[in-house]
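Work out the full structure: start from the sequences and follow the hints.
Residue numbers (the numbering used here), protein chains in the order written: chain A, 73 to 370; chain B, 981 to 1177.
Bear in mind the hints are in silico, worked out from the structure with no lab data behind them. Honestly, I wouldn't trust all of these hints.
What the hints assert, rightly or not - In silico DSS-like links for lysine-lysine, alpha-carbon gap of 27 Å or less:
no. : chain 1 : residue 1 : chain 2 : residue 2
1   : B       : K1167     : B       : K1050
2   : A       : K280      : B       : K1010
3   : A       : K345      : B       : K1167
4   : B       : K1010     : B       : K1050
5   : A       : K322      : B       : K982
6   : B       : K1010     : B       : K1102
7   : B       : K1167     : B       : K1066
8   : A       : K352      : A       : K322
9   : A       : K263      : A       : K249
These are the residues of each chain, in order.
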Amino acid sequence: METNHHQTGTDRVKRGMAEMQKGGVIMDVVNAEQAQIAERAGAVAVMALERVPADIRAAGGVARMADPTVIEEVMNAVSIPVMAKSRIGHFVESRLLEAMGVDYIDESEVLTPADELYHVDKQAFTVPFVCGARDLGEALRRIGEGASMIRTKGEPGTGNVVEAVRHMRRMVGEIRKVKGMTRDELMAEAKNLGAPYDLLLQVHETGKLPVVNFAAGGIATPADAALMMQLGSDGVFVGSGIFKSANPEKYARAIVEATTHYEDYALIAELSKGLGEPMKGIEMDRLEESDRMQERGW
Amino acid sequence: MKIGVLALQGAVREHVRMLEQSGVEAVPVKRNHELEGLDGLVIPGGESTTISKLMHQYDLMEPVKEMGRKGRPLFGTCAGLILLAKRIEGMEGSHLGLMDITVRRNAFGRQRESFEARLDVKGVAEDYEAVFIRAPYISEAGPEVDVLSALEGRTVIVRQGPFLGASFHPELTEDHRLHSYFAEMVKESRTEKTNTV
Chain A
73 METNHHQTGT
83 DRVKRGMAEM
93 QKGGVIMDVV
103 NAEQAQIAER
113 AGAVAVMALE
123 RVPADIRAAG
133 GVARMADPTV
143 IEEVMNAVSI
153 PVMAKSRIGH
163 FVESRLLEAM
173 GVDYIDESEV
183 LTPADELYHV
193 DKQAFTVPFV
203 CGARDLGEAL
213 RRIGEGASMI
223 RTKGEPGTGN
233 VVEAVRHMRR
243 MVGEIRKVKG
253 MTRDELMAEA
263 KNLGAPYDLL
273 LQVHETGKLP
283 VVNFAAGGIA
293 TPADAALMMQ
303 LGSDGVFVGS
313 GIFKSANPEK
323 YARAIVEATT
333 HYEDYALIAE
343 LSKGLGEPMK
353 GIEMDRLEES
363 DRMQERGW
Chain B
981 MKIGVLALQG
991 AVREHVRMLE
1001 QSGVEAVPVK
1011 RNHELEGLDG
1021 LVIPGGESTT
1031 ISKLMHQYDL
1041 MEPVKEMGRK
1051 GRPLFGTCAG
1061 LILLAKRIEG
1071 MEGSHLGLMD
1081 ITVRRNAFGR
1091 QRESFEARLD
1101 VKGVAEDYEA
1111 VFIRAPYISE
1121 AGPEVDVLSA
1131 LEGRTVIVRQ
1141 GPFLGASFHP
1151 ELTEDHRLHS
1161 YFAEMVKESR
1171 TEKTNTV
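In structure tokens form, the structure reads like this:
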């Protein structure tokens, strides 16, 4: 009954953490009180932020990593994992989050990118990363850099699910196509998608991404969450939707249950009763090109 | 012989796959009527607060406890182990409370400290790869609990009669020796059942 030494930060340990989140809801929170509401409602993790995406959108200016005080407050308030966002390419913000003991880092397009050319070398970290993607090529580029979890970008802070649906459908469709290809077609497809060949080969052989894939960016109702699960998501991130709604506690519970029982329509109808006003939401054609967060990163 | 995997949240698919590779039929379970006819149940890793909340919400707590009381084998991994424990450090009460053990949650630290190690598992496997993710360990075990493996003095696998608990994730590797061992436990309990009838 003895053992040899421990190995931290392996792919299995980093990706495995995301496996444990499957079928769950990860909620954006801005303080200890919201974090506790999320935990009580059954969230599998919380994302500690200074402002939810809808407010980042409204405030404008440069959005950066949250104040460590906020993140620490959230970490001390709950026992579920705590995630936090750093700017695309800002490896020092990422290192700060790792040093603070954050459980997962989101290299996120919700914040203003710090580097227009390069994302963070995530392989170099012990703590795992989640990154946004709009299609299979982008997902595999991030995984190639060391991301241990992928989420759709959607269009954050809009309360409009249309972009998350577009990205999930595209990704699932491309995976299906790659699975059905012959081996000699794969290198050309790797070039088309801008994806690392070895990872594309894995997708071809297994018919799925090598890491967990969540939906994010515009999920506002229990039905939205169930829709994304049916389209093939492993779980959902809900950002502004919960704490911008009239009754966050009830809303959070309803989204958790709809994510678990995503095929039980009678139940989801019941859960959706009397939830009050959901967040207002923005139509995509009302959004200026420069305000589209999903275009950040490559 | 059919083994269920509680499918409210967490690593469900992986457990189903491991059980199938051990040569048994495995089905995901979301509602209590799906427990009928099962010979054993796996409670997977995930978030114990989430899984326990959903078990209460959908009336699964009592039926699973009942399965345990009838001697049907249950296997809890990580969060599942916490659900099986009678005592949880720093928390009032328990979830299923079937095993005479005390568990400490997130006992090895946060995700940064999560790790892989190799274990010897008494009577089951030598050099067994184990993935610990924000894992708990068993800080105290009653006299009827058999400690199957420990890591630097911290107990990580226990068995008490029909209940098996591991503080790590046996479903995340390709090594299905622990799942085969559980399948064997389920097979034995079926034989006992037939013999007593």
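Now for the hints, and whether the structure bears them out:
{"no.": "1", "hint": "B:K1167 with B:K1050", "in the structure": "15 Å, holds"}
{"no.": "2", "hint": "A:K280 with B:K1010", "in the structure": "24 Å, holds"}
{"no.": "3", "hint": "A:K345 with B:K1167", "in the structure": "46 Å, violated"}
{"no.": "4", "hint": "B:K1010 with B:K1050", "in the structure": "21 Å, holds"}
{"no.": "5", "hint": "A:K322 with B:K982", "in the structure": "37 Å, violated"}
{"no.": "6", "hint": "B:K1010 with B:K1102", "in the structure": "33 Å, violated"}
{"no.": "7", "hint": "B:K1167 with B:K1066", "in the structure": "26 Å, holds"}
{"no.": "8", "hint": "A:K352 with A:K322", "in the structure": "18 Å, holds"}
{"no.": "9", "hint": "A:K263 with A:K249", "in the structure": "15 Å, holds"}
Of the hints listed earlier, those the structure fails to meet are numbers 3, 5, 6, in rising order.
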